[in-house]
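Asks: Chain residues, written in single-letter form:
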Amino acid sequence: MEAVALKAKLKTQIIQYLNLLDITPEDIKDDTPLFGEELGLDSIDSIELIVLLEREYGIKITNPTEGRKVLVDVEQMAAYILEHSENLK
Amino acid sequence: MYIIDCYSISPQKTFDESFFEGQVEGFVGNKYHAIEPSYADLIPRGLLRRMGKAVRIGIGAGLPLIEKQKDIDGIIIGTATGGLDDCIKFLNQIVEYDEGTLTPTNFVQSTPNAIGGHLAMMSKNTGYNNTHMGIGTAFESTLLDAFLLFEEGEASKLLIGNVEETSQHHYNIDAYAGYFKTEEISSTELFNSNSKGSICGEGAAMFVVSNKKENALCKLVDVHQFTYPKSENIEERVSQFLEKNNMSLQDIDSLVLGFSGDNRYDFWYTNLMNSFPKSTVYSYKNLVGEYPTSSGFATWLATKILTGKKTPNKAIYKDANRTPKNILIYNNYLGAQHGFILLKST
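Listed in order, the protein sequences are those of chains A and B. Quick note on my numbering: the first sequence kicks off at 408 and runs consecutively. Quick note on my numbering: the second sequence kicks off at -10 and runs consecutively.
No wet-lab data here; the hints were simulated from the structure. Since we're looking at a predicted model, the values are computed, not measured. Beta carbons are placed, not taken as given, at the ideal position from N, Cα and C, and that holds for glycine. Careful, some of the hints might be misleading.
[Unchecked claim] In silico DSS-like links for lysine-lysine, alpha-carbon gap of 30 angstroms or less: (1) LYS467(A) <-> LYS78(B); (2) LYS201(B) <-> LYS333(B); (3) LYS78(B) <-> LYS416(A).
[Stated by the list, open to error] Heads up, incomplete: computed chain B residues facing chain A, CB under 7 angstroms, no partners named: (4) PRO26; (5) ARG38; (6) THR90; (7) THR92; (8) GLY142; (9) LYS146.
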């Protein structure tokens, strides 16, 4: 899967998994901080995102330091998925 | 104890004055869903997006009351099932993902004490917090808990209430058990249906109760709960209950009865009603459906009646043209768990 298509899909999945009310995929830029004021995500959401990565892409994040590097924005998440997901290879 | 404020979210538009202005919702089918207010000014969006319906309507009914009363000593909730929909979603995830990584949200929302917990956290209330789950008498247990706290001097003002949600999962389980009608029926024909089962309802009713009469809407005099009685004992039981409160059958001018249209259990209400030939009788399950803690809605309705609200005709089962001063609520859930609640005007 190409990075552009993956990022678009990821935005839809983030909205679905976190039940983000009144937010559309277009509202999330590739570099919008996931845990900034714009989206207003919190620590429970970070667990939901880890579950998303595992269920949708077969990626398990068990190291919190690694998680902090990945769950930055859609750009970082997509790059990590392309590098690590067996499902996309 | 005294009721000094109340709020209800139900399948009727009860969160504002619409219901008493005559706007009564009619339904066809076997589920009556709650009409919810806008929560935009009440619940932060970050919290709202995670809330299941039970938590949402519980917060929606309880928080406005707490915000008006800053000196609440504790929160007591009665709910038979709490957030059952989230509970079943969580259980399904365990199976679907082979006990792997699970999302926390469904689990957090599913526990029955999540309602009281959320109310406490959102209002920063660190007092007594308890949830009763005794199915058809969970709300009566909530009242008893409040009475005991007041009697022991542990509280002077409490938020109490009931919450019940319906969902597809919940409906399917109870439908298999024969709780609901299999035919489609309108709410206006519910009491004439003469068939098994009732209608699946939901709602939340919340009350601020105090041990002081000041600003009271009415007095909640007493509560009594019992299980699996013999049908012939019901008059004896109600007489004893009233005698305990220095009243007789003749003192009750109004009854609020839980007629549900289920021909297996409505005889309980008919039998009790026959002991009060001169009383006005109100019904409510044709308005909000059947659920284990529906006596919470009955208590909200009785409170409003005692404050002089004009009750819509669809809530009047038999009109005896009495001025409401002493109201007896009688409800049972599937004929198994029964409760009396006695209210007086102040």
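Asks: Which hint numbers does the structure go against, in order from smallest to largest?
Replies: As far as the earlier hints go, 4, 8, 9 are violated by this structure, in ascending order.
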